[in-house]
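J.: If you want the building blocks of each chain, they are given just below.
Protein chains: 2
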Amino acid sequence: MVNEMKETIGFLAGILTTFSGLPQLLYSYKHKDVKSFTLKFLFLLIGGLTLWVLYGLLIKSLPIILFNSIAICLWIPILGMKIKMK
Amino acid sequence: MVNEMKETIGFLAGILTTFSGLPQLLYSYKHKDVKSFTLKFLFLLIGGLTLWVLYGLLIKSLPIILFNSIAICLWIPILGMKIKMK
Numbered sequence: 001m002v003n004e005m006k007e008t009i010g011f012l013a014g015i016l017t018t019f020s021g022l023p024q025l026l027y028s029y030k031h032k033d034v035k036s037f038t039l040k041f042l043f044l045l046i047g048g049l050t051l052w053v054l055y056g057l058l059i060k061s062l063p064i065i066l067f068n069s070i071a072i073c074l075w076i077p078i079l080g081m082k083i084k085m086k
Numbered sequence: 101m102v103n104e105m106k107e108t109i110g111f112l113a114g115i116l117t118t119f120s121g122l123p124q125l126l127y128s129y130k131h132k133d134v135k136s137f138t139l140k141f142l143f144l145l146i147g148g149l150t151l152w153v154l155y156g157l158l159i160k161s162l163p164i165i166l167f168n169s170i171a172i173c174l175w176i177p178i179l180g181m182k183i184k185m186k
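Protein chains in written order, with the numbering used here: chain A, 1 to 86; chain B, 101 to 186.
No wet-lab data here; the hints were simulated from the structure. Some hints could be false.
[To be verified] DSSO-like, lysine-lysine: derived pairs with alpha carbons at most 27 Å apart:
(1) A/Lys82 - B/Lys140
(2) A/Lys40 - B/Lys140
(3) A/Lys32 - B/Lys182
(4) A/Lys35 - B/Lys135
(5) A/Lys30 - B/Lys135
(6) B/Lys132 - A/Lys32
(7) B/Lys140 - A/Lys84
(8) A/Lys86 - A/Lys40
(9) B/Lys140 - A/Lys86
Note that this is a predicted model, so its numbers are computed, not measured.
Chain A with its partners taken away, still in its complex shape:
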């Protein structure tokens, strides 16, 4: 029961941090607005997420692979817009 609660909280934490990028992507795409983002933030974030996927592959953890792959898919288009509009 306690372990179940722990895992639920961890799962919910992963859902929230991963999908936080979704409303941002929808807004940025609709309004073509990525001005406030710095390239440093986007490169560090996507670089870090890529290492998380690699880590997930190495330790064979599906949640780590899955959550971070989804996050990469949400942030790559924002990086693309930033580079294009720079």
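Please build the complex by placing chain B on the supplied structure of chain A, with the hints as guidance.
T.: Quick look at chain B alone, frame taken from chain A:
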């Protein structure tokens, strides 16, 4: 040796994703620019990071507690600026 490499990659992944917020905070603070950020993104992210800290406390994982606490400290001021400038 292989385990050491795995842990190094995981550690580096944590460093990059956690500290990606630092250049963003420095830029946003200096230029008073948080316009492109959506409140939804910031609330979901900080909510998720808070759940990660709670998860870290429950499973007694210092890296999870530490990395996510640092990230919260970097994103709370950006959320504060966003609310103030809205």
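J.: None of the hints should be skipped; say for each whether it holds.
T.: Tested hints:
no.: 1; hint: A/Lys82 - B/Lys140; in the structure: holds (20 Å)
no.: 2; hint: A/Lys40 - B/Lys140; in the structure: holds (22 Å)
no.: 3; hint: A/Lys32 - B/Lys182; in the structure: holds (19 Å)
no.: 4; hint: A/Lys35 - B/Lys135; in the structure: holds (8 Å)
no.: 5; hint: A/Lys30 - B/Lys135; in the structure: holds (14 Å)
no.: 6; hint: B/Lys132 - A/Lys32; in the structure: holds (20 Å)
no.: 7; hint: B/Lys140 - A/Lys84; in the structure: holds (24 Å)
no.: 8; hint: A/Lys86 - A/Lys40; in the structure: holds (13 Å)
no.: 9; hint: B/Lys140 - A/Lys86; in the structure: holds (24 Å)
Hint compliance for this structure: every hint is met.
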